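Could you use the hints to bring the two separately framed chains together as a complex?
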Amino acid sequence: MNRSRPPAAVNRRGFLARAARRLGWVGLAGLVTARSRAGAPQTGGEPALRYNLDRFTKTDPKYLRFEEVGRVPSPRASLRRVTVGPSGHWYLAAGNHVCQLHPRTGPGWEVTLASTVRCVSPGPEGDLLVGVRDHLEAFDARGQRRSTWAAPGPKAWLTGVCATARDVFVADAASRVVLHYDRGGTLLGRIGTRGAGRTGGVFVVPSPYFDVHAGPGEELWVANPGRHRLESFGLEGTPKTSWGVASFDLAGFCGCCNPAHFVRLRDGRFITSEKGIPRIKVYSATGEFEGVVAGPEAFPEYLDNLNRGPVGLDVAVDEAGQVLVADTLAGAVRIFRERPSA
Amino acid sequence: MSAPEAPSVPTRRGFLGAGLRGALLFAAGAFTTLMGRHLRAERTVWQLDPYKCIACTNCATHCVLEQSAVKCVQFHPMCGYCKLCTGYFEPQPSGLNTGAENQVCPTGAIQRRALEDPYYEYRIDEPLCIGCGKCVVGCVLFGNGSFALQVRHDRCLNCNECAIAIVCPAQAFSRVPASQPYQLKTREHQA
Ligand code: SF4
Ligand code: SF4
Ligand code: SF4
Numbered sequence: 001m002n003r004s005r006p007p008a009a010v011n012r013r014g015f016l017a018r019a020a021r022r023l024g025w026v027g028l029a030g031l032v033t034a035r036s037r038a039g040a041p042q043t044g045g046e047p048a049l050r051y052n053l054d055r056f057t058k059t060d061p062k063y064l065r066f067e068e069v070g071r072v073p074s075p076r077a078s079l080r081r082v083t084v085g086p087s088g089h090w091y092l093a094a095g096n097h098v099c100q101l102h103p104r105t106g107p108g109w110e111v112t113l114a115s116t117v118r119c120v121s122p123g124p125e126g127d128l129l130v131g132v133r134d135h136l137e138a139f140d141a142r143g144q145r146r147s148t149w150a151a152p153g154p155k156a157w158l159t160g161v162c163a164t165a166r167d168v169f170v171a172d173a174a175s176r177v178v179l180h181y182d183r184g185g186t187l188l189g190r191i192g193t194r195g196a197g198r199t200g201g202v203f204v205v206p207s208p209y210f211d212v213h214a215g216p217g218e219e220l221w222v223a224n225p226g227r228h229r230l231e232s233f234g235l236e237g238t239p240k241t242s243w244g245v246a247s248f249d250l251a252g253f254c255g256c257c258n259p260a261h262f263v264r265l266r267d268g269r270f271i272t273s274e275k276g277i278p279r280i281k282v283y284s285a286t287g288e289f290e291g292v293v294a295g296p297e298a299f300p301e302y303l304d305n306l307n308r309g310p311v312g313l314d315v316a317v318d319e320a321g322q323v324l325v326a327d328t329l330a331g332a333v334r335i336f337r338e339r340p341s342a
Numbered sequence: 001m002s003a004p005e006a007p008s009v010p011t012r013r014g015f016l017g018a019g020l021r022g023a024l025l026f027a028a029g030a031f032t033t034l035m036g037r038h039l040r041a042e043r044t045v046w047q048l049d050p051y052k053c054i055a056c057t058n059c060a061t062h063c064v065l066e067q068s069a070v071k072c073v074q075f076h077p078m079c080g081y082c083k084l085c086t087g088y089f090e091p092q093p094s095g096l097n098t099g100a101e102n103q104v105c106p107t108g109a110i111q112r113r114a115l116e117d118p119y120y121e122y123r124i125d126e127p128l129c130i131g132c133g134k135c136v137v138g139c140v141l142f143g144n145g146s147f148a149l150q151v152r153h154d155r156c157l158n159c160n161e162c163a164i165a166i167v168c169p170a171q172a173f174s175r176v177p178a179s180q181p182y183q184l185k186t187r188e189h190q191a
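If you read the protein sequences in the order shown, they are chains A and B.
The first sequence lines up with residues 1 to 342 when you count with the numbering used here.
The second sequence lines up with residues 1 to 191 when you count with the numbering used here.
For reference, chain B alone in the conformation it holds in the complex (with noise of 0.2 Å):
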């Protein structure tokens, strides 16, 4: 029968390199925890909701791009087409033609375009467009309220902290899965 090894005796140094080797385990679980959760959580985007945003023009002065990642969209199925559209046209037009004194925009960013009489097609070039919201004002207050700014995700930098988010007075910015990146109006919420 051999005889039992005698108990080690704990000293100072084992017991300070029990603990480091202690504390470096749970350092790398917890950073293996933090990984997977990250892997597993959707990426996020930031996008503002065309329902909370009151046109303040902020949008088109306080995003960190020289020229804003906001623009005016066109949700064409509740545009009404309308010949005297008041997203496009001032209030007041000397004639209902595409003059740049008639048009509300200022950067000449809408694009009209005759349909069947007498309807019309409202389209947004986007390069042109600086998203100050001023035809969205338009729009919302005597028509349907078919345009609406949005963040376009292929100019946004999805900044960690949003420039314009900071500022908005609707608190109308939030982070959106990246899967989902934009808020759309429906006919259901104007009805």
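Excised from the complex, chain A in its bound form (with noise of 0.2 Å):
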């Protein structure tokens, strides 16, 4: 911390000026028309010293192509991750557990890890991986746990799970990397190490969100939040193509390191994530931006707690391409469906 000046002294002259000065301020504060939750941060002041999203926080409705259509709450508190296996069962990653549930059958079995779980990836014979803080651990398709694989480092914070029937992918968000394992948990290779005549390494994590994706076909998506982008590699980490720029308007990327999560449509269409302005939004298969599938509005209280810091919404995708968002706060998947219009 830097060293400042000495403190200026109190005198009756500085003290009237600053009653009036208050005066002011109060009036001021009752003419800015703020929001007024309980808790929103900067309700009042002068507007020069408010952080000033409102331009951001409203969806045209022309772009709204998704519609809430349900809600299954949670079984477990602190949901975080959704993601859907090739049975139609979804899996629930609430705080050192994993759900498996069934939308038309309801709830299936549980497993409970040692701390909190941190990604989820079904397999393709509906086996799962299930990624805590620093490792892995792997399940079969009846919740019975078959191995617990090395952790990659001492302070390896995994963020993503993918499995193909040959691959797994972990993206790791402390060595900025995304590790590439055969089936059986053996290091076959490491994606985005620090390459020739680079520098900064080739993923930028600011904060533990960094998500992965396989498929279709032989191509990896990786999201690179600190530079605003989705980036696909070659199964074996040969760089591809890139999209996605930084921007808080809604074909763009917001905030400092965006997006938190993204999943992809069976016809290629990329969904994704934003935290800081909670948005969700549909992409084509290339990159364009399409739609909203959820604005800022669907999910208000994301903007009004400053205690708790940015919270990123997982998304899924099931069989009938329903969007499935993980809603921490509400404690329930919602799901969003498609306009026949859009």
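There's no promise every hint is true.
[Unchecked claim] Listed next, with one range per pair, are the computed distances between beta-carbon atoms:
1) B/K52 / A/A114: 22 to 32 Å
2) A/D182 / B/A100: 34 to 44 Å
3) B/R123 / A/G153: 24 to 34 Å
4) B/N158 / A/G189: 52 to 62 Å
5) A/A48 / B/Q111: 16 to 26 Å
6) B/A114 / A/G287: 21 to 31 Å
7) A/T148 / B/G108: 50 to 60 Å
8) A/D54 / B/Q111: 26 to 36 Å
9) B/R187 / A/G184: 45 to 55 Å
10) A/E68 / B/V167: 34 to 44 Å
11) B/T98 / A/R146: 46 to 56 Å
12) B/G99 / A/G287: 27 to 37 Å
13) B/G108 / A/S147: 48 to 58 Å
14) B/G108 / A/R146: 27 to 37 Å
[As the list claims (entries may be wrong)] A short, non-exhaustive set of chain B residues, derived as facing chain A with CB atoms under 8 Å:
15) L84
16) T86
17) P91
18) Q92
19) P106
20) G108
21) C132
22) V140
23) L141
24) G143
25) A165
26) I166
27) C168
28) L184
If you are wondering where the hints come from, they were derived from the structure by calculation, not from laboratory data.
From a predicted model like this one, the values you see are computed outputs, not experimental measurements.
Ideal Cβ positions, reconstructed from N, Cα and C, are used throughout, including at glycine.
Rendered as structure tokens:
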């Protein structure tokens, strides 16, 4: 911390001047038509001192392509991730638990881990890979633990996992690389290590949001949040394409580091989720902005509480092409369906 | 054998005198005890809990000092060193440069310095900071929350009743031991 000037003396003139200014502040505060929910930041004060996001927190209805059609409460508190398995089962990571449930038949099995579950990926056989902070645990399709993988390093901070028939890709936000394993847990390589002529590494991950998805085809997609992009690689790690721009406008990714999460629809389109200004959007298979799944007005409490910091809304896609959103604060998976006219 | 002394006869003056002596002795004892306690008790100072603060701007406007004793501090271990720092840049800046119109801070109190590409370091020029918390909102809403307000004890007068504590809507102020005068943020809390 820097050293600062000695305190200014308190005198009568200064006191009166301040009192007059404060009366002015009170008047101003009354005039400011700010959000009034309890806990909302900067509900009063001089406008110049307010961090103002108002113009980015309302979605023009013409961009709304999806509508909410249902909510399924999480069986456990602290819902963080949601994903859909090949048999249509949902897997919800909440606190130290992963809960299997089916939207029609209800809750299935549940597994409990020693610490917070940070990422989950079903395999093609209905098996499950679960990531806690520093390692993965493998479960079979009935929820029986099969193996515990070695931690990739003492500081590992796993935030994304994706299993294919042959490979497993794990995003480690601490080392800012994607780890490539075979299905048995043998490390095959690291994607995103500092290459020749490159400084600062490939991935820029300022906060613990770093997501990864494989497929369709021989293609791996990785969120590069500090560069506000999604980037694709061959499964062996060769860079292919990228898209995305930093912008608070709807077409871009807002804030210091977004998207926080993403998933792909069967037709190759991307569903992205941003933190800070909570918004879920849909992009074409080549990265053109198409519309909004759910705007900030669908998640008002995410903008209101400064004590909590940003919360990422994880997204998944079910067999019917509906978008599932893990709404941590509501403690529920919210279901959004594409509007027929869209 | 000497005759025993005749018992003294209690008088009103004697009774009052003894009472007064007793009261004085009691007061002296109580004073000594209180002083002892005071000397044993650690000195306390005002501080605000950054996890309760909602950056309402009162810290900038309600301190008894002409320029508030509350300042923004940067917890470097929590910082992402972002190129697009939302504590430094206004939402939708016209460019990622140090133009005043692009900066969140109304007084230009945040210094930005390029490190290895694409990382930047942010520091607070405390004499310029008025403790408004605008940068804190930008940093906490989008980033890691490494910017936070703190009462700076090289400025604070440690008023008996802190003028900001009275109006703080988040009840973020409390007295803390002078030996641990700051309430720092941690990565563990963020996780
Ligand atoms: S008065 Fe309280 S809530 Fe407002 S800025 Fe100061 S500490 Fe934060
Ligand atoms: S925005 Fe306000 S609190 Fe932040 S550095 Fe500038 S004057 Fe200080
Ligand atoms: S104790 Fe007094 S000087 Fe210190 S922050 Fe509060 S009002 Fe300002």
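We went through each hint and held it up to the structure:
| no. | hint | result |
| --- | --- | --- |
| 1 | B/K52 / A/A114: 22 to 32 Å | holds, 30 Å |
| 2 | A/D182 / B/A100: 34 to 44 Å | violated, 54 Å |
| 3 | B/R123 / A/G153: 24 to 34 Å | holds, 30 Å |
| 4 | B/N158 / A/G189: 52 to 62 Å | holds, 58 Å |
| 5 | A/A48 / B/Q111: 16 to 26 Å | holds, 20 Å |
| 6 | B/A114 / A/G287: 21 to 31 Å | holds, 29 Å |
| 7 | A/T148 / B/G108: 50 to 60 Å | holds, 52 Å |
| 8 | A/D54 / B/Q111: 26 to 36 Å | holds, 28 Å |
| 9 | B/R187 / A/G184: 45 to 55 Å | violated, 33 Å |
| 10 | A/E68 / B/V167: 34 to 44 Å | holds, 40 Å |
| 11 | B/T98 / A/R146: 46 to 56 Å | holds, 54 Å |
| 12 | B/G99 / A/G287: 27 to 37 Å | holds, 30 Å |
| 13 | B/G108 / A/S147: 48 to 58 Å | holds, 56 Å |
| 14 | B/G108 / A/R146: 27 to 37 Å | violated, 58 Å |
| 15 | L84 | holds, 5 Å |
| 16 | T86 | holds, 5 Å |
| 17 | P91 | holds, 5 Å |
| 18 | Q92 | holds, 4 Å |
| 19 | P106 | holds, 5 Å |
| 20 | G108 | violated, 13 Å |
| 21 | C132 | holds, 4 Å |
| 22 | V140 | holds, 5 Å |
| 23 | L141 | holds, 5 Å |
| 24 | G143 | holds, 5 Å |
| 25 | A165 | violated, 16 Å |
| 26 | I166 | violated, 12 Å |
| 27 | C168 | violated, 13 Å |
| 28 | L184 | violated, 11 Å |
When held up to the earlier numbered hints, the structure conflicts with 2, 9, 14, 20, 25, 26, 27 and 28 and fits the remainder.
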